[in-house]
Amino acid sequence: MEALLAIAIGILTAVGIYLMLRLRTFPVILGLTFLSYAVNIFIFASGRLAVNAAPIIGMGTVYADPLPQALVLTAIVISFGMTAVIMIMAIGGYLEAGHDHVNIDDTSGPEDRP
Amino acid sequence: MLLLVVFWELTSLSSFLLIGFWSHRPEGRQGARMALVVTGIGGLALLACMILLGQAAGTYSVSGILAQGDAVRASPLYGIILALVLIGAFTKSAQFPFHFWLPHAMAAPTPVSAYLHSATMVKAGLFLLARLWPVLAGTPEWFWIVSTTGLVTMVLAAKIAFFKDDMKALLAFSTVSHLGLITMLLGFGTKAAAIAAVFHIINHATFKAALFMSAGIVDHAAHTRDLRRLGGLRRLMPVTFGIAFLASLSMAGIAPLNGFLSKELMLEEAAHTVWLTPWAMGLLATAGAMFSAAYSFRFLAHGFLGPVRDDYPHPPHDPGPGLWGAPGLLVLLVVLIGLFPMTMAAWLVDAAAGAVTGTPVAVKITLWHGVEAVALWMSLAALGGGLMLLGGFARLRAIWDAAPRPEAKRIFDGIIEPLAALARALTTTIHNGSLSRAIAVAVLAIAGAGTWAFASGVHVPGTRVLLPVDPIVAVVWAVVVLAALATPFYHRDRILALVLTGVVGLMIAPMFVYFSAPDLALTQLSVEVVTILLMLLALNFLPKATPVESTAPRRLFDAAVAGIAGAGIGVLAWMMMTRAPAFQPISHFHLAQSKPGAGGTNAVNTIIVDFRGYDTFGEIIVLGIAALVIYALSETLLRSPSVTRRLTAIQPAREAGDRHPMMLVVSTRLLLPMAMMVGVYIYLRGHNMPGGGFVAGLVFAIAFLMQYMASGYGWTHARQRVDHHVLIGWGVLIASLAGVGAWFMGLPFLTSGYEYVILWPLEKFELATAAIFDLGVFLCVLGAVLLALASLSRLSLRTGEGVNTRAYDTEPTPEEAR
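Chains A and B are the protein sequences, given in the same order. When we follow this note's numbering, the leftmost residue of the first sequence carries the number 1, and every step to the right adds one. When we follow this note's numbering, the leftmost residue of the second sequence carries the number 115, and every step to the right adds one.
None of these hints come from the bench; they were simulated from the model. One or more hints might be untrue.
Stated by the list, open to error - Computed far set for chain B versus chain A, every beta-carbon distance over 12 Å: (1) Trp-136; (2) Leu-150; (3) Phe-359; (4) Trp-491; (5) Ile-530; (6) Ser-550; (7) Lys-709; (8) Phe-808.
Stated by the list, open to error - On the chain A side, residues computed to face chain B include the following (Cβ under 8 Å): (9) Ala-8; (10) Pro-27; (11) Phe-42; (12) Ile-43; (13) Leu-49; (14) Ala-50; (15) Ile-57; (16) Leu-67; (17) Phe-80.
What the hints assert, rightly or not - Pairwise CB distance ranges (calculated): (18) B:Thr-543 x A:Val-62: 52 to 62 Å; (19) A:Val-62 x B:Leu-540: 50 to 60 Å; (20) A:Val-62 x B:Leu-752: 48 to 58 Å; (21) A:Ala-97 x B:Pro-518: 31 to 41 Å; (22) B:Ile-586 x A:Val-62: 20 to 30 Å; (23) B:His-831 x A:Ile-104: 12 to 22 Å; (24) B:Pro-710 x A:Val-62: 13 to 23 Å.
Positions of the beta carbon are idealized from the N, C-alpha and C atoms, including for glycine.
Work out the full structure: start from the sequences and follow the hints.
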């Protein structure tokens with residue numbers, strides 16, 4: 001199972017980075033979302049994997065590590081907030097500038113596209 | 115030790131701000147920048163030194179290091195430690211060759227100069243030397259470097275001070291000279307010299323601060339500090355003259371003032387120190403004292419003596435006692451310490467010198483050492499020489515002006531400018547406004563550093579027992595991987611890319627369930643729904659497709675960078691998961707204390723609302739701020755005319771059917787109370803079972819968002835009783851109150867308590883203050899999510915989308931059609 005999860009983390013990271021290297025805002029934000037998935041799973045995995053061992057006291061003798069779970073839980077919510085802020089910035093940039101390029105150097109398109 | 119560095123840096127920063135106080139003057143800004151660069155370099159050197167010192171001594175506490183003096187001096191690191199600490203101390207105390215920044219710091223207002231340059235900040239370097247004296251002093255390296263630097267600084271700066279016309283510049287260079295004197299004394303490495311150094315620090319502080327303030331008074335009264343334009347102030351400003359007179363004579367080293375006492379001690383030490391030859395040190399020290407006497411006399415003679423002039427920029431007069439009171443008090447000290455050194459200062463010198471040398475000290479300071487004391491004759495020679503120098507000032511000045519000398523500021527700029535240009539070139543190369551390039555550089559750099567760290571470290575092979583592969587989970591995994599891998603190929607169709615992202619995000623939730631993290635699964639599920647809704651909304655205003663722009667080689671390069679990142683993280687995750695934690699995790703504490711300490715059985719929830727409640731408190735505030743930022747940005751966008759123009763130009767896509775289908779409207783309205791009930795249930799059980807304020811807030815938010823989707827923004831907004839901002843505000847407020855409540859019990863912020871309650875007909879249940887905190891979390895999450903999405907949908911008001919007047923769309927009745 002560990003190998004599968006490690007591969008998943010790697011693939012999610014790679015997809016995230018690839019999308020973040022794109023030239024338009026929307027794929028970059030999607031890439032950031034993928035990267036957050038990868039990071040969240042990675043932090044979660046730092047508590048080591050456990051099956052049938054929920055961190056509810058009194059429901060078994062073996063417990064999963066609750067601390068990474070608590071950290072990831074808040075991280076998931078915060079990453080939503082971050083995505084939302086970047087999204088409004090992307091929309092604002094597009095509506096103000098007329099294009100959705102992320103790089104300053106290749107704003108080759110016409111000023112008033114839409 | 116490290117704290118010392120932190121506060122050391124703070125003095126550099128605050129002096130930067132003080133020197134640049136008159137930020138409209140270029141000399142103020144340049145002087146401030148120069149001071150920051152020089153002292154900043156010193157600060158960095160000091161940081162490195164402290165770390166090495168801690169390594170060599172095996173401890174980072176000052177008292178611990180002081181006890182380890184022999185170990186440090188024997189350490190192979192001693193040489194580099196000494197070099198670094200001296201760079202730190204010499205830059206701060208403006209010792210040669212770093213002496214140039216202090217006179218440029220004269221751009222600061224006068225009280226600031228007095229504070230910086232005679233009392234506090236420049237003494238920090240001396241303090242450091244004195245503090246580390248028991249550890250570092252006593253070696254030949256220490257003696258040669260420190261005493262030579264001090265000697266050179268003392269003589270050189272005294273000579274420069276003699277030729278300065280600005281009163282403050284004269285005093286500034288004289289400060290550099292006196293700091294050199296103290297440095298030299300510390301460099302001798304003997305106990306008697308260290309005592310003399312401490313005593314001179316006290317004396318210098320008193321007379322130099324008084325002099326700086328009287329220079330400020332002169333500037334205030336006559337509107338100039340230029341010695342060439344002054345003179346004759348003795349009659350016009352008698353009080354200021356009295357103060358300056360006593361303080362200058364003390365600086366010149368005239369009995370019975372306090373400057374005389376420590377100068378005697380210094381000359382005595384110098385005369386008995388062998389430096390190159392037995393007499394060279396004594397001779398040069400006398401020369402320094404001679405220039406010192408000369409500039410003190412010049413300060414008096416050219417500033418206050420001589421005939422009264424009639425061309426002052428402003429008629430000078432004595433100021434009120436508010437201005438001369440402070441220097442007057444200092445001069446009183448000058449006289450009293452001079453006359454009664456044993457009563458006035460001996461106790462302080464004993465204490466300070468005892469701390470410097472690390473052994474108890476009992477000083478005996480007297481005015482008269484007898485005629486056979488060599489220091490007396492050196493002192494007389496210095497005074498006589500000083501008077502002669504002043505007498506020949508005009509001729510010497512001509513020689514000085516004719517002689518070429520290096521201009522420190524030009525050299526400084528010559529070094530700094532190319533460095534700045536290099537930094538600028540490097541920055542523009544790596545960070546040229548291209549996000550892609552910045553990310554690629556960062557990824558490769560991190561991967562390189564990680565690989566290097568991994569390859570050069572020591573590892574044991576992973577021995578953890580691995581979990582067997584579950585076929586059902588393997589299917590879920592395959593879906594995640596396939597959807598993720600498909601995204602880069604289909605990302606140009608943005609809707610499709612969003613769907614694939616949603617698949618990945620939703621499929622992560624069952625994986626969390628399988629790996630014993632039900633709370634995470636719930637959160638992931640609800641956040642994923644909200645995120646996809648947000649992105650769908652955003653796509654309303656963004657192009658629906660990404661054009662092909664990058665070339666195939668570029669895409670290959672990007673794929674390689676991404677592959678390196680993925681491989682690195684994947685291998686890292688694998689390495690981590692196959693090994694046991696390097697340190698015992700602290701989670702067993704949380705598990706053991708969850709029930710008895712926090713009164714809940716869900717350890718994840720008790721960590722969030724109780725053990726790490728302070729973190730959560732900060733996080734909900736951040737979330738609230740993020741939502742408010744979104745609101746503010748959308749508000750600004752709505753005001754911008756070009757945005758409005760573009761928004762109205764967006765053609766709504768051909769609609770598949772009704773905008774607000776009846777089925778959807780009715781079912782979401784039916785679902786609303788049910789979803790809210792589920793939310794309340796999740797909130798209430800959160801402390802003991804998976805759930806809690808975060809998830810409950812998200813469930814509520816989704817229930818409301820469904821109304822927005824089904825019935826439209828305007829219709830829903832009109833029926834909304836409580837503003838989203840208010841929800842965020844209440845959330846933060848309630849969470850704060852839950853924390854503050856603990857204060858009234860005499861407990862720290864956010865301490866929680868709980869009580870079991872039996873309320874017929876319910877079972878026994880417990881009420882925890884953490885539940886109040888969780889309510890705050892709930893409200894804040896709800897408000898933030900709703901505000902973020904509602905702000906986005908507000909933008910659609912400008913696209914020409916009207917507000918529906920009816921709850922849902924139906925075929926128009928014949929009357930309406932007409």
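Okay, the hints, checked on the actual structure:
1. Trp-136: Given a closest Cβ separation of 36 Å, the condition holds.
2. Leu-150: Consistent with the label, Leu-150 (chain B) stays out of reach of chain A, its closest Cβ about 30 Å off (over 12 Å).
3. Phe-359: 64 Å, holds
4. Trp-491: 73 Å, holds
5. Ile-530: Holds: least Cβ distance 28 Å, greater than 12 Å.
6. Ser-550: Given a closest Cβ separation of 5 Å, the condition is violated.
7. Lys-709: 5 Å, violated
8. Phe-808: 6 Å, violated
9. Ala-8: Given a least distance of 6 Å, the restraint on Ala-8 (chain A) holds.
10. Pro-27: 5 Å, holds
11. Phe-42: 6 Å, holds
12. Ile-43: Status violated, d = 10 Å.
13. Leu-49: This interface hint holds because 5 Å falls under the 8 Å limit.
14. Ala-50: 5 Å, holds
15. Ile-57: 4 Å, holds
16. Leu-67: 5 Å, holds
17. Phe-80: Holds, because the Cβ-Cβ distance from Phe-80 (chain A) to chain B comes to roughly 5 Å (cut-off 8 Å).
18. B:Thr-543 x A:Val-62: 52 to 62 Å: Roughly 54 Å apart at Cβ, these two residues keep to the hinted range, so it holds.
19. A:Val-62 x B:Leu-540: 50 to 60 Å: 53 Å, holds
20. A:Val-62 x B:Leu-752: 48 to 58 Å: 55 Å, holds
21. A:Ala-97 x B:Pro-518: 31 to 41 Å: 57 Å, violated
22. B:Ile-586 x A:Val-62: 20 to 30 Å: Holds - the Cβ-Cβ distance for Ile-586 (chain B) and Val-62 (chain A), about 21 Å, lies within 20 to 30 Å.
23. B:His-831 x A:Ile-104: 12 to 22 Å: 37 Å, violated
24. B:Pro-710 x A:Val-62: 13 to 23 Å: This hint holds: roughly 20 Å between Cβ atoms.
Violation of the numbered hints given earlier is confined to hints 6, 7, 8, 12, 21 and 23; the remaining hints are satisfied by the structure.
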